[in-house]
Amino acid sequence: MNNLLPFEKEERKILIKKEESTNPAYGKRPQERTVEELLNSSVICLNKPEGPTSHQVADFVKQILKVEKVGHGGTLVY
Amino acid sequence: MTGVLPIAIGRATRVLELLLKGGKEYVCIMHLHKPVDQKIIEKELKTFVGKITQLPPVRSAVKRQKRQREIYYLDILDINGQDILFTMGCQGGTYVRKFVHDFGKHLKIGAHMAELVRAKAGPFTDKDWCSLHDLQDAFFLYREKKDDSLLRKCLRPVEFAASHLGKVYVSDSAVDSLCHGASLNLPGVVKVTTGINVDQLVGIYTLKEELIGMGVARLMSEKMISEEKGLAVAPRKIFMDPGIYPKYQKAKPL
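Residue numbers (my numbering), protein chains in the order written: chain P, 1 to 78; chain Y, 1001 to 1254.
In isolation and in its complexed conformation, chain P is listed as follows (with noise of 0.2 Å):
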């Protein structure tokens, strides 16, 4: 069985309106960022498990990467 969700059906295409590049002097591409810029601002797909609250695996993720702020989108509570 593969069920899709809506977003996951949709295959995007890109239109292009004009041609056009980017000076390299300036910004990054996500896939060079350091490991260092990661552990400043990145997202975990993290699999929780049974026991702690989804705070409390937050907590444990901030201790683990010794990083000051951590957040976990939607509690698993429903």
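Check the hints yourself; a few may be wrong.
Stated by the list, open to error - For lysine-lysine, the following DSSO-like pairs were computed, each having C-alpha atoms within a straight-line distance of at most 27 Å:
1. Y/K1167 x Y/K1237
2. Y/K1191 x P/K13
3. P/K18 x Y/K1247
Note that these hints are calculated values from the structure, not bench results.
Starting from the known structure of chain P, arrange chain Y on it as the hints suggest.
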């Protein structure tokens, strides 16, 4: 309860909001309070696909008034006596425990949720998740052995959290004013993905695929390409800091 829990680190915490409206998939065990013929369960469950109305539970974070939610799919994976294992794709904010309770009422026998695992939260899925142990091992390898290969698999660029939305790419010259809160007008648009509709949430990107922010589309994809002037996207939330791209200088009149 277990399953997919999207986590954001540092400056990325603000993007989690993008996931609230994203679809969710759950795997659930429903315990029926009396035995019911398998064919009836299958048939009745199908009637719940589509729009349903729910009253949020007493203990919930939202106002307790009836609200509509969409169920995208419901499939029974296994039946063991009165325990039904099923998968459910639904709109964000659907209460599964409530759904099971209402289904039990519908069958006139009662039912409760015995177990729940989240399999998808927007683009976050159980196909590519990592555990707390994976994270611990990956961080150890990075700290002690200077090997970041595992940690890179766990830490995804913030752009991943918006990958379920349509995309609007802008010129280098439009980036800085967007970071200062300006609206995105059509002359700044370089390319867009198909499938964007009016009033839909979209991601705004640089040509290097960096997420600048999110906003509400004021035109559908095709119109963004064909029209020359006017508002393309009304920004809602900006994630990129000003000063990364140069300030746009208007050409001097001749």
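Item to check | Hints the structure fails to honour | outcome: none
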